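Enquirer: Each of the two chains sits in its own frame; use the hints to bring them together as a complex.
As you go down the protein sequences, you meet chains A and B in turn.
Our numbering applies: residue 1 is where the first sequence begins, and numbers increase by one.
Our numbering applies: residue 1 is where the second sequence begins, and numbers increase by one.
No lab work stands behind these hints, which were simulated from the structure alone.
From a predicted model like this one, the values you see are computed outputs, not experimental measurements.
In this text, a Cβ means the ideal position worked out from N, Cα and C, and glycines have one as well.
Don't take every hint at face value.
What the hints assert, rightly or not - Capping the alpha-carbon separation at 25 angstroms, the derived lysine-lysine pairs in DSS-like fashion look like this:
#, chain 1, residue 1, chain 2, residue 2
1, B, Lys-108, A, Lys-194
2, B, Lys-203, B, Lys-184
3, B, Lys-255, B, Lys-234
4, A, Lys-194, B, Lys-214
5, A, Lys-198, B, Lys-130
6, A, Lys-198, B, Lys-203
7, B, Lys-234, A, Lys-198
8, A, Lys-194, B, Lys-129
9, A, Lys-194, B, Lys-153
10, A, Lys-194, B, Lys-139
11, B, Lys-107, A, Lys-198
12, B, Lys-99, A, Lys-198
Claimed, not checked - One-sided excerpt, in silico: chain A residues whose CB lies under 10 angstroms from chain B:
#, residue
13, Pro-148
14, Lys-198
15, Phe-202
16, Arg-206
17, Tyr-210
18, Leu-217
Stated by the list, open to error - To give a feel for the contact side, a few chain B residues facing chain A, derived at Cβ under 10 angstroms:
#, residue
19, Gly-15
20, Gly-52
21, Val-96
22, Arg-146
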Amino acid sequence: MVLNFNEQGITLANKFKGKVGFRDIKNVKQAVQEIIAKEGECTFAMTFPGGTHDIWLRYWLGACGINPNKDVRVIPNPPPQMVANMKVGRMDGFCVGEPWNAVAVREGVGFTHVATQDVWKHHPEKVLAFNNEFFEKNKIQILRPVSPLAWFPIGLAVFQASDKAAVFSIAITSLWATLLNTAHGASSVPEDYKNVAKVFGFSALRYLRYVVVPYTLPFMLTGLKISIGIAWMVIVASEMLAGGTGIGFYIWDSWNALNLNNVIPAILLIGVVGFILDYFFGYLQRRVQI
Amino acid sequence: MRAYLEIFNVSKSFGSYTVLKDINLLINRGEFVSLIGHSGCGKSTLLSIVAGLTEPTTGSVILDGKEVVSPGPDRAVVFQNYSLLPWLSVWDNVMVAVKSVLKGLNKKEMEERVKHYLNLVGVYEHRHKKPSQISGGMKRRVATARALAVEPKVLLLDEPFGALDALTKALLQDELLRIWGESKLTCVMVTHDIEEALYLSDKVVVLSNGPSAKVFDVVEVNIPRPRVRAEIVKLREYIETKEKLLYYLTTVLRKTA
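This is chain B alone, in the form it adopts within the complex (with noise of 0.2 angstroms):
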């Protein structure tokens, strides 16, 4: 059987200086997966590829069978850096977005859409504000309306919460569990905070230190859903887990900088 996204033999060079180097991964469908490593390894780069946004040197990425040649909204992205247009309401945001991609709808349809996927990410209430007048967790959430929005096929998240504070990051995060849950989504989300890839992660894919990175493991997460976070901290299997992902990221992989 084919995995749903597979990501061939991808390596990326910039001139002579190799990012990555022969990335091979496998991800089915519904899978959530974490891709983890030291910072400058390479894995907003190889969110990019699978994107589309970056062409890699090697290799390619197959999504459902189709081999990725450009970006498209099947494969929409949670940007590092939120990525709103400043000049647009919350509301619009998500529309042009929804108009854009489902050219199908009817006015009345399209409207719905965009209203229950800002309901679904708590900021409809703000729906008539500017990105610059809300703050950056409910940037983060219109973000996340605007990827959901448009049906992706699969979520792409960069750092989704690298820049918020704790209260809302565990808030976001449940979040995005339940809508993951519900939606059946194959997300794939580049971190460096082991917990959180725990936390939301089937998978986590260590990568190795950059130049001409490789995946240097794949760590399985065993941990029965609904997670709770109070509890699993206490599993086992968490416990082994993480001190796993610590010990090559601390100790194999250690930076000396």
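Isolated chain A, as found in the complex (with noise of 0.2 angstroms):
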């Protein structure tokens, strides 16, 4: 998942004031060969060799007409001492995230000359990453505890239209239950079945149908009997928000009309037809179970 976009920059040192503007790459190659030919070498800081930093402050070097493998030296730096390594003069420039480019700024040491969505627009800066162990175990409760209103205006966003939203919002949320039961009856075939498929040599085709298919049936439904169930619960919701149609739209409107006597029994029929829901779906679970 990506955290956030942007907010890195690169700083020149005071030695490019008067040669190089903000954004202006076209001066960069002159002022840094005239380094070179003043102190022997120019010097470019990243924070870390390979990562995001480094990218940024080879591509911007390129675009300048600087080899970064040939013409200048590129080393690793740790954000926190890009300032004062500049300070005294070990670096000429240097690659970081916030707050070191201003820092650079305030102590006098550097300016700040492009910022990185000029090297690359809305480029993703911070990820969070999961190891595969850590979100198997964990990928529904990354994602349940999403109130189902909470999506609801990513649908608003996205369709343009309340009654979409509501549907997505319902969509979204009670999908995880069957598609993660799904997968995991599919993957738990027994090792008996697969050797009874390998044995009398099944198609692709007929090992979906006769044993794959009726293997995973009973956890299929299992998940949609709590997905129904997660469905039920954010229609009425959904469309307290959509307005318009439905019982929950009906709930809302009542109070505001300050008609309890609608409100109650409109719970109570909310309450049987989740239970209805539930019994029907309970009852095809067992027809199927093995």
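Expert: This is the structure:
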């Protein structure tokens, strides 16, 4: 998951002042060559080899007509030490995240030459990554705590219509239980049945039809039972938000009209319908149990 | 002359643990061979290698001149735990195998074939039932019918009569012998029952204790067929062979557990 965009920059030391301006890359090569002629070399720093700062820096150097592998020195350096190192003259420029570009300006050792979004507009920056094991164990838990109603604005933004947004919220919150249960079922077909399919030379289609699907069906229905329960709850809530139709809207409308006489039976009706749905899928589930 | 089923230098290791070491066996066409040994000696692993379900670490298995590289219906397996598909009826369990293997047959021929083999093992009347509705003995029969119906070259049986009561066991052993006699099948059976091995087999292959189990001896069973259970036990050949096997398994290969 991408946590943020942009927010990184390239700072140049004071010696570039008067030669290179903000986002002024055409004069960089000339300035760098002058530094090399005078000091023997020109050094740029980034946070970690192969990391994004390394990539922005090298891309920017390339865009300036400077070969980052031959013409200049590119070294790694921890972000909090960038400014201090520039101050003592150990580097002539660096690519780093905030606040270190701003600190360099405040300390008077350099100036911001470009922001990384000038190199790649809206580039991803920090990401949240999980290893497979953690993700497998917690994938429901990562998305489940998101309130169904929190999805509603996203639905509105995408579909531009409140009824479609409601359907979107319902689908996205109820989908997971069925999806994950089905996946779990299909991936846990016992070795015995697989061996039968192998020995008797089942084609992929026959294997799916006679082994995977029948084995997975109870898992699928368990998922569906959970999904339909969630969907029913979300329907009522979304209708309150979307307005216009449905029992959720009816409750909200009655409440606004201070008509509690209508609210209580509606709540009971929701309960009864939910119970019937649950019972029906429970029945189906028992029917296909092996 | 080459043997019908040849096992050459087969070894199997799981990581650093060696189950089987340099197994060599020759089995002729139409022979009934038993693999016997203490539990954990790798006899089921050997059967699984012949079936193509387990890949040997070294060596190879050759059936009728062709190397075994994958599982296939020419080596039908009667699995230790039957492995019937529980969502299919008895009929469909056999039918799905026939449909998958004998693609050349038309619908009527397939139905006749399924009917024939269900009759042969005596479960035709139960064809509409699900595996959960029939006894262990009947499941065993259905699994046997399924294996026979696809016309295998070799029938591989993994402790086929293990979990059955003595009466059902005797009955099914007789049926297996009858079917084997009629179909001229080559059978390889894993067992730990000496009497069963003697009653059914032409050869009994004794495996040494694992790890690194080897072929300890191949004992010929020179008892004339047809064999009658009550009579063969009186034969000198039977008594001597049984004593030999008992001596192997209880004295030479005695387990310390």
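Enquirer: Next step is simple, just say for each hint if it's right about the structure.
Expert: Hint-by-hint comparison with the structure:
no.: 1; hint: B:Lys-108 - A:Lys-194; in the structure: violated (28 angstroms)
no.: 2; hint: B:Lys-203 - B:Lys-184; in the structure: holds (16 angstroms)
no.: 3; hint: B:Lys-255 - B:Lys-234; in the structure: violated (29 angstroms)
no.: 4; hint: A:Lys-194 - B:Lys-214; in the structure: violated (29 angstroms)
no.: 5; hint: A:Lys-198 - B:Lys-130; in the structure: holds (22 angstroms)
no.: 6; hint: A:Lys-198 - B:Lys-203; in the structure: violated (28 angstroms)
no.: 7; hint: B:Lys-234 - A:Lys-198; in the structure: violated (44 angstroms)
no.: 8; hint: A:Lys-194 - B:Lys-129; in the structure: holds (22 angstroms)
no.: 9; hint: A:Lys-194 - B:Lys-153; in the structure: holds (21 angstroms)
no.: 10; hint: A:Lys-194 - B:Lys-139; in the structure: holds (18 angstroms)
no.: 11; hint: B:Lys-107 - A:Lys-198; in the structure: holds (23 angstroms)
no.: 12; hint: B:Lys-99 - A:Lys-198; in the structure: holds (14 angstroms)
no.: 13; hint: Pro-148; in the structure: violated (35 angstroms)
no.: 14; hint: Lys-198; in the structure: holds (4 angstroms)
no.: 15; hint: Phe-202; in the structure: holds (5 angstroms)
no.: 16; hint: Arg-206; in the structure: holds (6 angstroms)
no.: 17; hint: Tyr-210; in the structure: holds (5 angstroms)
no.: 18; hint: Leu-217; in the structure: holds (8 angstroms)
no.: 19; hint: Gly-15; in the structure: violated (19 angstroms)
no.: 20; hint: Gly-52; in the structure: holds (8 angstroms)
no.: 21; hint: Val-96; in the structure: holds (5 angstroms)
no.: 22; hint: Arg-146; in the structure: holds (8 angstroms)
Going down the numbered hints, you'll see the structure goes against 1, 3, 4, 6, 7, 13 and 19, while the others check out.
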